[in-house]
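**Student:** What follows is each chain in one-letter form.
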Amino acid sequence: MASKQQTAQLTVQALQRACGLALVYAVLILVLPVSQATIQTYYLSPLEYRAILFIVSLPSIVAWIAAFIGYAKLREYVSLVRKTPEGTHLDKLATGCAWLAWSLPATTILSLLLNAIANQHPAFYSTSIISVNYLGLLLPLVAFSIIGVASRGLVNLAKLRLSRASIRVIMLFFLAAGILYCYLIFQRFDMTSLSSTQNPYFLPIWLMVLSVIVPYLYVWFIGLLAAYEITLFSQQTDGVLYRQALRLLVLGLVVIIISSIVLQYINGIQPRVGRLMFGYHLVLVSIFRLIGGSGFIALAIGANRLKKIEEI
Amino acid sequence: MAASSKSSIYDQVVKVTHVYLGPAADRFIARQVENHLHKSPDELSQADLLSLIDWIKVVVSLLTEDNDLIEEYTNELQKLAGKRTKLKRS
Numbered sequence: 001m002a003s004k005q006q007t008a009q010l011t012v013q014a015l016q017r018a019c020g021l022a023l024v025y026a027v028l029i030l031v032l033p034v035s036q037a038t039i040q041t042y043y044l045s046p047l048e049y050r051a052i053l054f055i056v057s058l059p060s061i062v063a064w065i066a067a068f069i070g071y072a073k074l075r076e077y078v079s080l081v082r083k084t085p086e087g088t089h090l091d092k093l094a095t096g097c098a099w100l101a102w103s104l105p106a107t108t109i110l111s112l113l114l115n116a117i118a119n120q121h122p123a124f125y126s127t128s129i130i131s132v133n134y135l136g137l138l139l140p141l142v143a144f145s146i147i148g149v150a151s152r153g154l155v156n157l158a159k160l161r162l163s164r165a166s167i168r169v170i171m172l173f174f175l176a177a178g179i180l181y182c183y184l185i186f187q188r189f190d191m192t193s194l195s196s197t198q199n200p201y202f203l204p205i206w207l208m209v210l211s212v213i214v215p216y217l218y219v220w221f222i223g224l225l226a227a228y229e230i231t232l233f234s235q236q237t238d239g240v241l242y243r244q245a246l247r248l249l250v251l252g253l254v255v256i257i258i259s260s261i262v263l264q265y266i267n268g269i270q271p272r273v274g275r276l277m278f279g280y281h282l283v284l285v286s287i288f289r290l291i292g293g294s295g296f297i298a299l300a301i302g303a304n305r306l307k308k309i310e311e312i
Numbered sequence: 001m002a003a004s005s006k007s008s009i010y011d012q013v014v015k016v017t018h019v020y021l022g023p024a025a026d027r028f029i030a031r032q033v034e035n036h037l038h039k040s041p042d043e044l045s046q047a048d049l050l051s052l053i054d055w056i057k058v059v060v061s062l063l064t065e066d067n068d069l070i071e072e073y074t075n076e077l078q079k080l081a082g083k084r085t086k087l088k089r090s
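Protein sequence lines, in the order shown, are assigned to chains A and B. The opening residue of the first sequence carries number 1 in the working numbering; numbering runs sequentially from there. The opening residue of the second sequence carries number 1 in the working numbering; numbering runs sequentially from there.
Same shape as in the complex, but just chain A (with noise of 0.2 Å):
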């Protein structure tokens, strides 16, 4: 077992990457060249672009703090019950929240820099915006499967059964709001010629729907399931005290999902363009974002009760 000392010094690290990871993408947004697009399109100087560049970015630095915290703190706990007939499946669970916490940085980061090559180098643009676009596929593709193996481990565990009227809710929602995805993503093609790359997305529809549309679908599905997994494991599970924080830490992780969905619902639907554009779709991403940061918050503080009822 972890002692207390080694399981507070895994919030520190994270707190300290964190704000290391915050302060490369401050210093990006400082030293890379500026979007001649942008400036011109709303008359801004080169210190006022910088200046709202990362104004706006505050949203994405508070979320990626709250995930790290979250994820650490999980981590925290998930020491102490490691060998419990459960801490299997938590260890799982906070492994794939460390892969959503990275996510936000990791596409963040990388999208500005690749954007920055864009714009001094326009031939480089399909390639930025093809390449943050899988980015933004690939890292919660990978968060989901794990949080999906954990959530059904923990279900089987407690030998709980998924209601067949849940599981009919759940498959109504995924598929009237896949079915609205697929319509809003091929009003951007030119449906007369599969193979063409003249769309927001720079692929051919064929390759959209195989390497984005359905992986999509899926990392979507397994995260709705995976929500209503730990939340019917959160209300089935004995003890007034620890239900209570469990359930504060089932919550946190309900809003994570749910708001990373959503985020990855908006960006399909309004594809990338690269730089910095004012409208609904920046207001939308921020507000998602600072309510995915809150899902870590909360996951956080049930982690951490969870965690005082293993030390006390």
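These aren't lab readings, by the way, just hints derived from the structure by calculation. It should be emphasised that the depicted structure is a prediction, and the values quoted were computed from it without experimental measurement. Beta carbons: idealized from backbone N, C-alpha and C, even for Gly. Just so you know, not all the hints are guaranteed correct.
Said to hold, decoys possible - Quick list of in silico lysine-lysine cross-link-like pairs, DSSO-like style, CA-CA up to 30 Å:
hint, chain 1, residue 1, chain 2, residue 2
1, B, 39, B, 57
2, B, 57, B, 15
3, B, 39, A, 92
4, B, 15, B, 79
5, B, 79, A, 308
6, B, 79, B, 39
7, A, 159, B, 39
8, A, 83, B, 39
9, B, 57, A, 308
10, A, 308, A, 159
11, B, 39, B, 15
12, A, 83, A, 159
13, B, 39, A, 308
14, A, 92, A, 308
15, B, 15, A, 83
16, B, 57, A, 92
17, B, 79, B, 57
18, A, 159, A, 92
19, A, 92, B, 79
20, A, 83, A, 308
As the list claims (entries may be wrong) - Derived Cβ-Cβ restraints for the label pairs, each shown as a range:
hint, chain 1, residue 1, chain 2, residue 2, range
21, A, 175, B, 42, 51 to 59 Å
22, B, 42, A, 9, 28 to 36 Å
23, B, 12, A, 175, 50 to 58 Å
24, A, 51, B, 34, 30 to 38 Å
25, A, 235, B, 42, 28 to 36 Å
Use these hints to put chain B onto chain A, whose structure you have.
**Tutor:** What follows is chain B alone, placed relative to chain A:
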């Protein structure tokens, strides 16, 4: 006989605690016995029960501010202490 009686006290305390701390109950009680009574869990005896309840009351009040819940939990443990005393006398 004595050994089974001792383990039974521990098991009953864990059983009551399970209602409040769920899967963490066994670990929680084992820790209280080791840290505050300086005994291993299987050495827990009838004589230790009231002292253990006092410690549990203090510790659980650090986990929750719900005094009614703490009262309910310690009352359940007190009942256990009373029941076991009666059993011993009879």
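**Student:** Does each hint hold? Answer for all of them.
**Tutor:** The hints, checked one at a time:
1. Simply put, residue 39 of chain B and residue 57 of chain B have alpha-carbon atoms about 19 Å apart, close enough for the 30 Å limit, and the pair holds.
2. With a C-alpha separation of about 16 Å, the suggested pairing of residue 57 of chain B with residue 15 of chain B holds against the 30 Å cut-off.
3. Straight-line distance between C-alpha atoms of residue 39 of chain B and residue 92 of chain A comes to about 34 Å, which puts the hinted pair past the 30 Å bound.
4. For the hint linking residue 15 of chain B to residue 79 of chain B, the alpha-carbon distance of about 13 Å falls within 30 Å, and the restraint holds.
5. At most 30 Å may separate the alpha-carbon atoms for a hinted pair to count; residue 79 of chain B and residue 308 of chain A meet this at roughly 27 Å.
6. Proximity of residue 79 of chain B to residue 39 of chain B is assessed by CA-CA distance (about 23 Å); at most 30 Å being required, the pair is judged to hold.
7. A hinted pair counts as satisfied when its Cα atoms are at most 30 Å apart, and residue 159 of chain A with residue 39 of chain B does not qualify at roughly 35 Å.
8. With a CA separation close to 22 Å, the supplied pair residue 83 of chain A and residue 39 of chain B stays within the 30 Å bound.
9. At most 30 Å may separate the alpha-carbon atoms for a hinted pair to count; residue 57 of chain B and residue 308 of chain A meet this at roughly 15 Å.
10. Restraint check for residue 308 of chain A and residue 159 of chain A: the C-alpha separation of about 27 Å stays at or below 30 Å, so the hint holds.
11. As the CA atoms of residue 39 of chain B and residue 15 of chain B are separated by approximately 19 Å, the hinted pair is consistent with the 30 Å bound.
12. Distance hint between residue 83 of chain A and residue 159 of chain A is fulfilled; the C-alpha atoms sit about 19 Å from each other, no more than 30 Å.
13. Annotation: proposed proximity of residue 39 of chain B to residue 308 of chain A holds, straight-line Cα distance about 22 Å (limit 30 Å).
14. Among the hinted pairs, residue 92 of chain A with residue 308 of chain A is consistent with the structure: their alpha-carbon atoms are about 21 Å apart, no more than 30 Å.
15. A C-alpha spacing of about 21 Å is found between residue 15 of chain B and residue 83 of chain A, which places the hinted pair at or below 30 Å, so the restraint holds.
16. About 34 Å separates the Cα atoms of residue 57 of chain B and residue 92 of chain A, which puts this hinted pair outside 30 Å; it is violated.
17. Restraint check for residue 79 of chain B and residue 57 of chain B: the C-alpha separation of about 14 Å stays at or below 30 Å, so the hint holds.
18. A threshold of 30 Å between alpha carbons decides the hint, and for residue 159 of chain A with residue 92 of chain A the separation of about 19 Å falls inside it, so the pair holds.
19. As the CA atoms of residue 92 of chain A and residue 79 of chain B are separated by approximately 41 Å, the hinted pair breaks the 30 Å bound.
20. Between the alpha carbons of residue 83 of chain A and residue 308 of chain A the distance comes to roughly 17 Å, so the proposed pair stays at or under 30 Å and holds.
21. Restraint check, residue 175 of chain A to residue 42 of chain B: a C-beta distance of roughly 56 Å satisfies the suggested window 51 to 59 Å.
22. In this structure the supplied range 28 to 36 Å holds for residue 42 of chain B paired with residue 9 of chain A, their Cβ-Cβ distance being about 34 Å.
23. At about 51 Å, the CB distance of residue 12 of chain B to residue 175 of chain A agrees with the hint of 50 to 58 Å.
24. Judged by the Cβ atoms, the range 30 to 38 Å given for residue 51 of chain A and residue 34 of chain B is violated: they are separated by roughly 57 Å.
25. For the hinted restraint 28 to 36 Å between residue 235 of chain A and residue 42 of chain B, the CB-CB distance of approximately 34 Å keeps it satisfied.
Violated hints for the displayed structure, listed by number in ascending order: 3, 7, 16, 19, 24.
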